[in-house]
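Q: Here is how the chains run, residue by residue.
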Amino acid sequence: MSTESIAAHPQPVNKRKRKLQLAPYLFVLPNLLIFTVFIVIPTILGAVYSFHEYDGLNPMTFIGIENYAEIFTDVKFWQTLGKTATYAIIVVPLIYICALGIAILLVQQIVLKGFFRAIFYWPTMISFIIVGLTWRWIFGELGIINGVLEAVGKDSVSFLSDPFFAKLTVIIAAVWSRLGFFMVIFVAGLLAIPKDYYEAAHLDGASKLRAFFHITLPLLKPTTLLVVMLTTIEAFKAYPLMFALTGGGPNKATTYIVQYIYETGFAKQELGLASAMSIVLFVIITIFTVLQFKLTKGGEN
Amino acid sequence: MTPTKAQKTFVYVLLILFAALWLFPVVWIFLSSFKNNTELYQFPPSLLPQQITFEHFINAFEKGNFGRYFVNSAIVAVTSTLLLLLINSMAGFALAKYRFWGGTFLLLAFISTLMIPLEVIMIPIFKVLSALGLYNSLLALIIPPAATPTGVFLLRQYLLTVPDELLEASRIDGANEWTIYWKVVLPLCRPILAALAIFSFMWRWDDFLWPLIAISDPNKYTVQLALSNFIGEFNVDWGSLLAMSVITMIPVLIVFLVFQKHLVSGMVTSGMK
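Those protein sequence lines, which keep their order, are chains A and B.
So the number in my numbering is just where the residue sits in the first sequence, counting from 1, plus 29.
So the number in my numbering is just where the residue sits in the second sequence, counting from 1, plus 4.
So here's chain A without its partners, still in its complex pose (with noise of 0.2 Å):
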């Protein structure tokens, strides 16, 4: 009876595991279709059309790295990513300093934290779209911010006319909307410092600035190379906040590379040389992209 039993064991045991091997490609099957159509497919396609002449209609012809070459030469596009880079500089260690001092403000002992936390979040659920028009609506000729200079007896600004205004409008903006998300992050990783630290320094008549600079920024180290890493590639992949605050202008002045990607493909119908210009935005992002993996990794250690 018993070897009965035995032997009758196997055989669903085997049956079981012929359905096992199917299921997880059943399972798999709609993300994977959906990442091959949507990504896999479009990226081989964007390689594809950088080495062609395409305008979208007729058929593409092949001109090697001519695209490239073009690129290379176009003074326009070295301008538009030299002012990307530009405005990465500037608004990447401005959302880091606000974010953390936000963030360092919110660890101490204070009354409705959760209140002012829930406040400097809620920007960073609302659309670019709505940001931007937001503060184009408060910098505007008649905006509240004008008023105010009227008030003091000040003339007023065109800040969306005037280039330098135009761009300290987008990145006042940027903070504003960003600022929340970077925060959180930093509060986790303020939270996770033992308190015995700070504690120790204390007790060894350490400053609050240097118990700053000497415990909280190094065991900071990974939240900080996050937080850096992701602002910069959210830098160089801006657009939607412009589209709606300044409209890439005024006279391109606030025309980073993503925009300049898209008019190229769009407007002026050149596929091929936009989408070798998405291949040199890839490089550049893949390698802030690699850079925060290995120095993540790196701060963890």
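Simulated from the structure, these hints should not be mistaken for laboratory data.
Hints may be right or wrong, so weigh each one.
To be verified - If you want the footprint, here are the derived chain B segments under chain A, 3+ residues with CB under 8 Å:
id, region
1, 45 to 53
2, 96 to 104
Stated by the list, open to error - Cut-off 30 Å, straight-line C-alpha distance, at most; resulting in silico cross-link-like pairs (DSBU-like, lysine-lysine):
id, chain 1, residue 1, chain 2, residue 2
3, A, LYS142, B, LYS9
4, B, LYS9, B, LYS265
5, A, LYS297, B, LYS224
Claimed, not checked - Label pairs and their computed distance ranges (CB to CB):
id, chain 1, residue 1, chain 2, residue 2, range
6, A, VAL312, B, VAL31, 40 to 46 Å
7, A, VAL177, B, GLU237, 23 to 29 Å
8, A, LYS237, B, LEU21, 16 to 22 Å
9, A, LEU320, B, SER50, 48 to 54 Å
10, A, GLY278, B, SER50, 27 to 33 Å
11, A, VAL177, B, PRO222, 33 to 39 Å
12, B, GLN54, A, LYS250, 49 to 55 Å
13, A, VAL177, B, GLN161, 48 to 54 Å
14, A, VAL104, B, LEU25, 36 to 42 Å
15, B, LEU118, A, VAL186, 39 to 45 Å
16, A, GLY278, B, VAL166, 50 to 56 Å
Where is the CB? At the ideal position from N, CA and C, for every residue including glycine.
Dock chain B against chain A, hints included.
A: Here is chain B on its own, set in the frame of chain A:
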């Protein structure tokens, strides 16, 4: 280590100052949206509306066709989120609980798609959407963004902590793989699914680049696309624009108010982009 009174006051002053700065922009467009046109374009502007009017809200729906855009956005955000929860949890389940040929490769491949942002492939994506007949269809805003590497990865990590014995017990009871997924796995994932749902809804509601690439027919506009279109006009009708912005923020505001404790706790956010 207890802070002195001066230090405490300093912290509060700074916090209240910054909080006021951060609160002001939204309050300002909210107040402005209730001003009539004379007040709206009056300089210098008054802080509070002298005469509260709802004309811009009525205009937005009657002249601006805003109801249509709102419904489009709602359809996209809700269905895309439901689809995301379904297919991401299926994939997460497979990658966490089955040993199958190609499984590890698929996991790495899924995660590596994070490296390719939409900004980099927007031109070929436009061609792919056209070729599939999805251009100018809401399906183009629902299906492609529903497969998220972040969602798959989070669910996989979450399900790794579920003991195999639990699934094995159901198998012995004769449940097939789908039943196990539907009846055992899905209910277990509820907390993480809730978190993903919040973010997915917000991503889809706020999204601009996908609709910009996929939609040109004004009848298919989402709220963000409609707003961006109105602000590009030569004579911007600020009254309607402000009213529409206020309405557009309401669904996300509700989500925010209901879930804000979880959102700002950091645990959820740190995994999301």
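Q: Take the hints in turn and mark each one as holding or not.
A: Checked hints:
Counting residues of the region 45 to 53 of chain B whose CB lies closer than 8 Å to any CB of chain A gives 5, so the stated coverage by that chain holds, three being the minimum. With 5 residues carrying a beta carbon less than 8 Å from a beta carbon of chain A, the region 96 to 104 of chain B meets the three-residue requirement, and the given coverage holds. This hinted pair checks out: LYS142/A and LYS9/B have alpha carbons roughly 18 Å apart, not beyond 30 Å. Simply put, LYS9/B and LYS265/B have alpha-carbon atoms about 29 Å apart, close enough for the 30 Å limit, and the pair holds.
Between LYS297/A and LYS224/B the alpha-carbon distance is near 24 Å, which keeps this suggested pair within the 30 Å criterion. In this structure, VAL312/A and VAL31/B meet the distance hint of 40 to 46 Å, their C-beta atoms being roughly 43 Å apart. Range check, VAL177/A to GLU237/B: Cβ separation about 28 Å, and the 23 to 29 Å hint holds. As the Cβ distance of LYS237/A to LEU21/B is approximately 20 Å, the hint placing it in 16 to 22 Å holds.
LEU320/A and SER50/B have their C-beta atoms about 50 Å apart, which keeps the hinted 48 to 54 Å range intact. A hinted range of 27 to 33 Å for the beta carbons of GLY278/A and SER50/B is consistent with their spacing of about 29 Å. Restraint check, VAL177/A to PRO222/B: a C-beta distance of roughly 38 Å satisfies the suggested window 33 to 39 Å. Hint check: GLN54/B to LYS250/A, Cβ distance near 54 Å, so the stated range 49 to 55 Å holds.
Between VAL177/A and GLN161/B the beta carbon distance is about 50 Å. The supplied range of 48 to 54 Å therefore holds. The supplied range of 36 to 42 Å is met by VAL104/A and LEU25/B, whose beta-carbon atoms lie about 39 Å from each other. Look at LEU118/B against VAL186/A: about 41 Å separates their beta carbons, and that is inside 39 to 45 Å. One distance hint, 50 to 56 Å for the beta-carbon pair GLY278/A and VAL166/B, holds here, with the actual separation near 54 Å.
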